[in-house]
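The whole structure should be built from the sequences, with the hints applied where relevant.
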Amino acid sequence: MWFALALLFGTVLCDVGGQVCFKLGVGHETESMPMHGVPAFLGGLISSPWIIAGVLIYVVEFTLWFAALSMTKLSTAFPFMALSYCGVVIASRFVLGERVPPRRWLATFAVAFGVALVCWPEWH
Numbered sequence: 001m002w003f004a005l006a007l008l009f010g011t012v013l014c015d016v017g018g019q020v021c022f023k024l025g026v027g028h029e030t031e032s033m034p035m036h037g038v039p040a041f042l043g044g045l046i047s048s049p050w051i052i053a054g055v056l057i058y059v060v061e062f063t064l065w066f067a068a069l070s071m072t073k074l075s076t077a078f079p080f081m082a083l084s085y086c087g088v089v090i091a092s093r094f095v096l097g098e099r100v101p102p103r104r105w106l107a108t109f110a111v112a113f114g115v116a117l118v119c120w121p122e123w124h
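Mapping of the sequence shown onto our numbering: residues 1 to 124, in sequence order.
Please note: incorrect hints may appear among the correct ones.
Said to hold, decoys possible - Here are the in silico distance ranges between beta carbons for each label pair:
no.	residue 1	residue 2	range
1	Val60	Leu96	19 to 29 Å
2	Ala67	Leu117	18 to 28 Å
3	Val38	Pro121	40 to 50 Å
4	Phe62	Leu117	25 to 35 Å
5	Arg93	Trp120	21 to 31 Å
6	Ala67	Val38	35 to 45 Å
7	Val55	Leu96	14 to 24 Å
8	Ile90	Thr63	21 to 31 Å
9	Phe9	Ala40	48 to 58 Å
10	Val59	Ala82	18 to 28 Å
Said to hold, decoys possible - Listed next, the in silico DMTMM-like pairs over lysine to aspartate or glutamate satisfying Cα-Cα at most 20 Å (straight line):
no.	residue 1	residue 2
11	Lys73	Glu61
12	Lys23	Glu98
13	Lys73	Glu98
Since the hints were made in silico from the structure, they are not lab data. Treat the numbers as computed from the prediction; the structure is a model and nothing was measured. C-beta atoms are modelled at their ideal positions from N, C-alpha and C, and glycine is treated no differently.
Quick look at the structure:
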């Protein structure tokens with residue numbers, strides 16, 4: 001039970017880490033990557049160490065996810081993954097320095113509370 005929970009938390013952390021890497025790989029600020037056509041954009045993606053790191057993190061995430069699925073119900077595991085949304089908001093603020101409006105924080109806490117409501121009966 002606790003191992004499955006740890007796997008799910010690892011999956012969430014990998015999802016958040018991968019998304020942060022992807023954002024850093026395409027440019028932290030939306031204006032920072034000039035568009036010079038699709039080939040230049042794709043070339044920039046495949047040569048970016050951040051994109052490569054994000055893909056490798058996703059490989060780990062899929063492995064953890066499959067292991068977690070082998071130990072818990074999908075109806076518990078999949079709602080748990082909504083914590084990825086919460087983690088991305090937190091990482092956006094504290095890693096990327098993005099401004100997160102109060103309404104988005106409130107929604108983030110609501111998602112976390114919803115996950116607790118859905119998943120807590122499985123692990124008490």
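Task: List of violated hint numbers, smallest to largest - done: Of the numbered hints given earlier, those the structure breaks are 9 and 13, listed in rising order.
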